Structures are given as structure tokens and as C-alpha cells.
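Place chain B on chain W using the hints.
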Amino acid sequence: MTGRSGLSRRAWLAAVAAAAAGCDSQRPRTGFLGVMERWNERVQTWMFDPGRLAPDPGPGAVSPPGAFPVYYISRHLPVAPAGWALSVGGLVARPAVLSLEALMRMPRTDVRVRHHCVEGWSAVATWHGVRLRDLAEAVGADPRAEYVEFRSFDSGYYSSWDRASALHAQSIIAYGMNGEPLTPEHGAPVRFYAAVKLGYKMVKYLTAVNFLPVRTGGTWEDQGYEWFAGV
Amino acid sequence: MAANTDPRPRQPWPIRLTHWLVVPLLAVMAGSGLQVLVAYPDLGPRGEPYAWYPFPGTAPPGWARIGQWLAGGRHWHFAFAWFLILNGVFYVGYLAGSGEWRRRLFRPRRDARNAAATLAYYLRLRKAPPDQGLYNGLQRLAYTGALALGGLEVLTGLAIYKPVQLGWLAALFGGYDAARAIHLIGLALLVLFVIGHVLMVLLHPRTLADMVTGGRRDRA
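Chains as they are written, first to last, in numbering that gives the first Met the number 0: chain W, 0 to 230; chain B, 0 to 219.
Rather than coming from a laboratory, the hints here were simulated on the basis of the structure.
Keep in mind that the hints are not guaranteed to be accurate.
[Claimed, not checked] Label-pair ranges, simulated between beta-carbon atoms:
(1) PRO64(W) x ILE184(B): 26 to 34 angstroms
(2) GLU179(W) x ALA26(B): 33 to 41 angstroms
(3) VAL190(B) x TRP38(W): 24 to 32 angstroms
(4) PRO212(W) x ALA95(B): 46 to 54 angstroms
(5) ALA95(B) x TRP38(W): 25 to 33 angstroms
(6) VAL200(B) x GLU145(W): 37 to 45 angstroms
(7) GLY82(W) x GLY56(B): 37 to 45 angstroms
(8) ILE184(B) x VAL213(W): 41 to 49 angstroms
[Unchecked claim] Computed footprint of chain W on chain B; a stretch qualifies when at least three of its residues, placed anywhere within it, have a C-beta under 8 angstroms from a C-beta of chain W:
(9) 41 to 48
(10) 99 to 109
(11) 134 to 145
(12) 175 to 184
(13) 191 to 197
All figures in this text were calculated on a predicted structure; none of them were measured in a lab.
Virtual Cβ for every residue (Gly too), placed ideally from N, Cα, C.
Pulled out of the complex, with its shape left as it was, chain W reads as follows (with noise of 0.2 angstroms):
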């Protein structure tokens, strides 16, 4: 009996030792916990019900006026340039270069959902703007295009997503907030909004939104953040 609890004893020393030497906080998509994150994808990807939608918290749950916080990784806030389209592309039948007004002539959805943001607070505000799957039909994606990237003029933040995802019904190309244009502050003319990710995926200021059939990374991803980042 204290043989074995013995060697069980050992048996886990060792197993906690050699985890131990995997877990380099720095770069936590490597080594053990990057295993596990690996691990953590596959269950997160099969925990993803496509057809689940967020529930609406209500008009009493929209945050205070000026509450829902601001981010953005420019030293100043990102303006848009002169003549700002949004380029939609990648392995489509049509590749499109839409205007704010294109956009807007598109049908319209509205979603109220709660933000979920990495650090752990959360915000409710709603969004208006384009579902990424009509834009998907417009342009005539590739089925094969299995990822979305979107891409930003915030210092080159982007993010990439498993189209799943990306083509939720709750995902949309975002032009309002609250009822008013979104502001700058929020990622105006557009930025995408979705209920089914970390906020960290929703890219602001957008440039491109383009249809791959291989998975890039992302800003915050690269530097060691979940690139899944469901909720």
C-alpha cells in the first residue's frame, strides 16, 4: 500500500513538474498550455451551436450613457481617410468595394445582446447594421473559404474567425449604435459586432473584410490571446 501511494505520489510530482516546464506565461500559446489551448478550441468549436442566439437583456440593460468603454490601439484616435470604402473580398465570386451608403441601403438588422469583454466586464448597447452572411450572398463566398479576417485602419489591428462564427445571425457589419451613426469612439464608419465572441475579436475601423480558406491570426492573438475566444 505505501508502495504504490508512493509511486502514485512520485508518479504526479513528475506529471506536475513536467506541466510546470510546458507553462511559459509569456508565450501561453506554446509549450503545455498551448496543448491545452488546442484542446480548449476543440471544445469550444463543438460547444458552437450556429443556430443559438444570444438573448436580448432588454432595454433596461443597455448601459449608462458613456459607459460602454472605448478602445482603440492608435496613440489617437483612428480617423478614417478621405474616401473610405470597405473592401469585401478573398475567395468571392464578386469581390465588392462598398460605400458607407451601399452599406446602408442593405438590409438592416438590429441586435441588443451583452458585450463579453476579455478583462471580464460586461456592457449592453444595440447595434445596427449589415448581417456578414447577406454580404457573404452579395459577394458570393466560397464555401471553401472556411475563415473571415477583418482588417482595420486602428494601426493594422485585425482578427481572424472561423466563418461559423463570422456568419452568425447576430454577426453584422455595424454602422449604428444606440440608435445614432456610430461615432469614432466606437469604431466609425463601421466595425463588426457579434454576440458569439470575445470583444477582442470584433474588429473596429474597418478596412477589409476578406474570405480565406486559411486562418490568420490577429493583434491580440499573436501576442498570446485565444484565437477562438467564443462565449
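Showing chain B alone in chain W's frame:
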């Protein structure tokens, strides 16, 4: 000395294994969780913080954190959560399958009176401790409570990890922000349990030896 009426050691090996595994696992989960808390050391949704929270804006101390930064803490937390769950499932499965739950878990009709008497003894309101077997009622209450807290931490953790895909679970706890608050309160209660547990072990060192060797097989 009674005959060998109970062939089981006081602490069978699955109990000892899971007990000593949960020590580093809880430390890693608590430390990485506190590292995650640093990124937003407040409770409640933006613009409507919970007024009852006594430490708004206060980051947990550096010595209590694991992971160095938010992404590091999150990866540690989500990596080791699986091992905590596996350990817990194995422990509960063993308790159920072996019948050990009978002498370990708190059953109010059997243990409530004994727990109260033991508490009275510790508070010097009573001279002698009540009779007990492996554990007294108060121990059973504390260990069962700690196990329940572990379950609560897993469930509230899943709720804030997947507040949309597991929206029903988040709703059960009152929504994302409430589940996050309960997750932190659960940690605080677990820390209180650990402090009390270690103090009691210091007062009764033989229990520590039993948790290492298994202890005697017969009832003394």
C-alpha cells in the same frame, strides 16, 4: 481494542491521491483566477457596479497571482480547470462507488446534532467532544461544504466562460455578472475553508499522517 471491524484504512489511496492532487490544482486555479481578476477588479456590469463589493478597483496582490498577465492567467486557468474537474469527478465517483460517502458526507439527520455539539466543544461551551467515528459532524459539514463549493466554482466558471452557449447556466446564477461575482465569492469561501482546515490539522497532526500513509485499518 476492537477487532478488525472495518477493513478500510482511514484514508484509502483514491482519497489520498485526489486530496494531494487538489492542493496544487486549487492553488493554480486560485492564482490564475486572481491574475484574470486584475484586468477588471470590479464586479457588476459597466456603469452599474455592485455597490456591496468591498474591494472595487483593488487588484489582488502579486504574490497571489499566477500567469503574469491576462492572457497568461487565462491559459493557465483554462488548462488546469480540466484536471481539477477530472480529479473531482474521480473523487466523487470513488465516494459513490466505494460507499465512502457514508462516513464522509454530511447527512443532516445523522450529523446535525453532532456538528452542533462539536462546535460547542470548540467554543468552550462544552467540556468533552461528542463521540465520533472517522469524522465528527462538523468535519462532515465542512468537507461536504468544500466539495459543494468546488462544484459551484466549476458551474459558475462554465457560465462565465460560455455565457451565450451555456446561457441557461448563466441565467441560473442570475446572468453573466452575477455568476462572475459568485465565482469570486466561492473562491473566498474556499480560502476560508483551507485556512480552517490547515489550523485544525495543526491541532490534530495525526490526521496529516493518515492522509499520507492511509492510517490504521482497524478501528481504535
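Verification of the hints:
1. PRO64(W) and ILE184(B) have their C-beta atoms about 30 angstroms apart, which keeps the hinted 26 to 34 angstroms range intact.
2. Checked against the hint of 33 to 41 angstroms, the C-beta distance between GLU179(W) and ALA26(B) comes to roughly 48 angstroms, which is inconsistent with it.
3. Taking the beta carbon of each, VAL190(B) and TRP38(W) are about 29 angstroms apart, inside 24 to 32 angstroms as hinted.
4. For PRO212(W) and ALA95(B), the Cβ-Cβ distance of about 49 angstroms falls inside the hinted range of 46 to 54 angstroms, so the restraint holds.
5. Distance hint check for ALA95(B) and TRP38(W): the Cβ-Cβ separation is about 27 angstroms, which falls inside the suggested range of 25 to 33 angstroms.
6. Checked against the given bound of 37 to 45 angstroms, the beta carbons of VAL200(B) and GLU145(W), roughly 54 angstroms apart, lie outside it.
7. For GLY82(W) and GLY56(B), the hinted distance range of 37 to 45 angstroms is satisfied, since their beta carbons lie about 44 angstroms from each other.
8. Between ILE184(B) and VAL213(W), the C-beta spacing of about 44 angstroms keeps the proposed range 41 to 49 angstroms intact.
9. Check result for the region 41 to 48 of chain B against chain W: holds, 5 residues qualifying (beta carbon to beta carbon below 8 angstroms, three or more required).
10. Coverage of the region 99 to 109 of chain B by chain W is violated [criterion: at least 3 residues with CB-CB distance below 8 angstroms; count 0].
11. Coverage of the region 134 to 145 of chain B by chain W is violated in this model, with 0 residues showing a Cβ closer than 8 angstroms to a Cβ of that chain against a need of three.
12. Here the region 175 to 184 of chain B counts 3 residues with a CB under 8 angstroms from a CB of chain W, which clears the bar of 3, and the coverage holds.
13. For the region 191 to 197 of chain B, the stated coverage by chain W is violated: 0 residues have a C-beta nearer than 8 angstroms to a C-beta of that chain, whereas at least 3 were required.
In summary, the structure is inconsistent with hints 2, 6, 10, 11 and 13 from the numbered list given earlier, while agreeing with the others.
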